[in-house]
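Protein chains: 2
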Amino acid sequence: MNTDPYRVKAGGSVHLIDWRTDDDGGLSKDEGRTLTAELLTGLADWQERLNAEAKQSLLIVLQARDAGGKDGTVKHVMGAFNPNGVQIANFKVPTEEERAHDFLWRVHQRAPRAGMIGVFNRSHYEDVLVTRVHGLIDDATANARLSHIRHFESLLRSGGTRILKFYLHVSRDEQKQRLQERLDDPAKHWKFNPADLTERARWDEYTRAYEDALTTSTDAAPWYVIPADRKWFRNLLISQIVLDTLKDMHPQFPKVNFDPREIEIE
Amino acid sequence: MNTDPYRVKAGGSVHLIDWRTDDDGGLSKDEGRTLTAELLTGLADWQERLNAEAKQSLLIVLQARDAGGKDGTVKHVMGAFNPNGVQIANFKVPTEEERAHDFLWRVHQRAPRAGMIGVFNRSHYEDVLVTRVHGLIDDATANARLSHIRHFESLLRSGGTRILKFYLHVSRDEQKQRLQERLDDPAKHWKFNPADLTERARWDEYTRAYEDALTTSTDAAPWYVIPADRKWFRNLLISQIVLDTLKDMHPQFPKVNFDPREIEIE
Numbered sequence: 001m002n003t004d005p006y007r008v009k010a011g012g013s014v015h016l017i018d019w020r021t022d023d024d025g026g027l028s029k030d031e032g033r034t035l036t037a038e039l040l041t042g043l044a045d046w047q048e049r050l051n052a053e054a055k056q057s058l059l060i061v062l063q064a065r066d067a068g069g070k071d072g073t074v075k076h077v078m079g080a081f082n083p084n085g086v087q088i089a090n091f092k093v094p095t096e097e098e099r100a101h102d103f104l105w106r107v108h109q110r111a112p113r114a115g116m117i118g119v120f121n122r123s124h125y126e127d128v129l130v131t132r133v134h135g136l137i138d139d140a141t142a143n144a145r146l147s148h149i150r151h152f153e154s155l156l157r158s159g160g161t162r163i164l165k166f167y168l169h170v171s172r173d174e175q176k177q178r179l180q181e182r183l184d185d186p187a188k189h190w191k192f193n194p195a196d197l198t199e200r201a202r203w204d205e206y207t208r209a210y211e212d213a214l215t216t217s218t219d220a221a222p223w224y225v226i227p228a229d230r231k232w233f234r235n236l237l238i239s240q241i242v243l244d245t246l247k248d249m250h251p252q253f254p255k256v257n258f259d260p261r262e263i264e265i266e
Numbered sequence: 001m002n003t004d005p006y007r008v009k010a011g012g013s014v015h016l017i018d019w020r021t022d023d024d025g026g027l028s029k030d031e032g033r034t035l036t037a038e039l040l041t042g043l044a045d046w047q048e049r050l051n052a053e054a055k056q057s058l059l060i061v062l063q064a065r066d067a068g069g070k071d072g073t074v075k076h077v078m079g080a081f082n083p084n085g086v087q088i089a090n091f092k093v094p095t096e097e098e099r100a101h102d103f104l105w106r107v108h109q110r111a112p113r114a115g116m117i118g119v120f121n122r123s124h125y126e127d128v129l130v131t132r133v134h135g136l137i138d139d140a141t142a143n144a145r146l147s148h149i150r151h152f153e154s155l156l157r158s159g160g161t162r163i164l165k166f167y168l169h170v171s172r173d174e175q176k177q178r179l180q181e182r183l184d185d186p187a188k189h190w191k192f193n194p195a196d197l198t199e200r201a202r203w204d205e206y207t208r209a210y211e212d213a214l215t216t217s218t219d220a221a222p223w224y225v226i227p228a229d230r231k232w233f234r235n236l237l238i239s240q241i242v243l244d245t246l247k248d249m250h251p252q253f254p255k256v257n258f259d260p261r262e263i264e265i266e
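Quick mapping for you: the protein sequence lines, in order, are chains U and E. Counting in this note's numbering, the first sequence runs from 1 upward without gaps. Counting in this note's numbering, the second sequence runs from 1 upward without gaps.
A couple of the hints might just be wrong.
As the list claims (entries may be wrong) - Pair ranges (Cβ atoms, derived):
no., chain 1, residue 1, chain 2, residue 2, range
1, E, Ile263, U, Ala100, 33 to 39 Å
2, E, Asp184, U, Lys9, 47 to 53 Å
3, U, Asp248, E, Ser147, 40 to 46 Å
4, E, Ser147, U, Asp244, 51 to 57 Å
Derived from the structure by calculation, the hints contain no laboratory data. Just so it is clear, CB atoms sit at the ideal spot from N, CA and C, and this is done for glycine as well.
Just chain U, with the same shape it has in the complex:
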């Protein structure tokens, strides 16, 4: 599958209204799931090489509106990795200590070390999204932060970290349906936060904030807009992009400094 159409071109601007939320790639759900299962096996294989090589790392950033599918992506795609080599960072409302530092301080600490895959379930981008929509920062601060983010991601890249950023793009109707499911199913009540409705009411403001965030797409740290109304297609597309990226990083099993034929185990 060609994933290029889902990539935000570096230097370009984005109008989310032009990006589909319900794309299915011309596939049926069953076809998509079969393809995904194959890709997930490949992910585990390439992760082992990355881990063995221990020279490069991969950082996957997940951003979405509430009920956009971040947790589902972690479970169904990142779940294919050997847990020994993946670390998930969930960024919540900053603590008092975190707020006493610059906004990238806590994020930098969670950057994946060589050999590891790091997943940011929410990320430093929240600091130009929720804060902006709620008027906690003005446009000048937001723009300054976007500039800091570009330099920060370039720093990570220079240290051997590849970065993939996924915006899970759901429609307003799909979000409504998913929130309603949380209300209808007692086992999902705990996932429902009444505050999510306040955020939902600011749909268009979030759209604008996301459009600005997506301008940080570069060749070194590209954004992908993932059509996410269909969970199976979201999983397929992300699996494909991550696998292509791991292959492109081309991690190799390290050479050993001994001759295996000469070693005898007593």
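Knowing the structure of chain U, use the given hints to seat chain E on it.
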């Protein structure tokens, strides 16, 4: 399956020679794998409740000789969990900063927070194993450390953390075979460390050090001696013990402070 026979009784002493390494529970490999698959589904379900409740946590300690199966256990058993709710801590040779603190300092920092499952791939027990076998600490220091460990684990328990400690028990022959496989397969060369042979030569000293470590089995933080020559039986037994423990912790979906029927999504 009754897992009680694999549990080290609190206050008792252990002679590892009395514990089988090649137990199969009277099952065939296929039967074992089918049972494990069912258990793993249960693990994911109960983990969701633990995560939703966010009041208790589970700490799983894995200890074994080289090639004993720690990494395989993480991959095949812990891989069943939603990665959002599990954190793996790999304890390597301590850094300079870590050595400048007491031996539990770095371990305490990696204790799982409420709602999480923490897995220690190697642990604070290395500080009474490798250090002792290599004569870096004397018996008095080892005994003092074992006492500190008991109090430390009791502290975690009082904070809502259940602890399970697994010693993966492999025979000397099985270790030889697994190390040889790493030499024979180029894709596994990187897993072979010539220093492992030095440790292997001290087999009996490690046995004695492990036997002392296993005396820290308490009702609050039990040790299990897992027959680990058969990987499928190791996975089955650990899955069963973890599942039984999660059920016994009885995490509940939290009650919500709103009436789902009264909420309307616009």
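Cross-check of the supplied hints:
1. E/Ile263 x U/Ala100: 33 to 39 Å: 36 Å, holds
2. E/Asp184 x U/Lys9: 47 to 53 Å: Since the Cβ atoms of E/Asp184 and U/Lys9 sit about 48 Å apart, the hinted range of 47 to 53 Å holds.
3. U/Asp248 x E/Ser147: 40 to 46 Å: Violated, at about 52 Å.
4. E/Ser147 x U/Asp244: 51 to 57 Å: Given range 51 to 57 Å: holds, Cβ gap about 53 Å.
In the structure shown, a violation is registered for the earlier hint numbered 3 alone.
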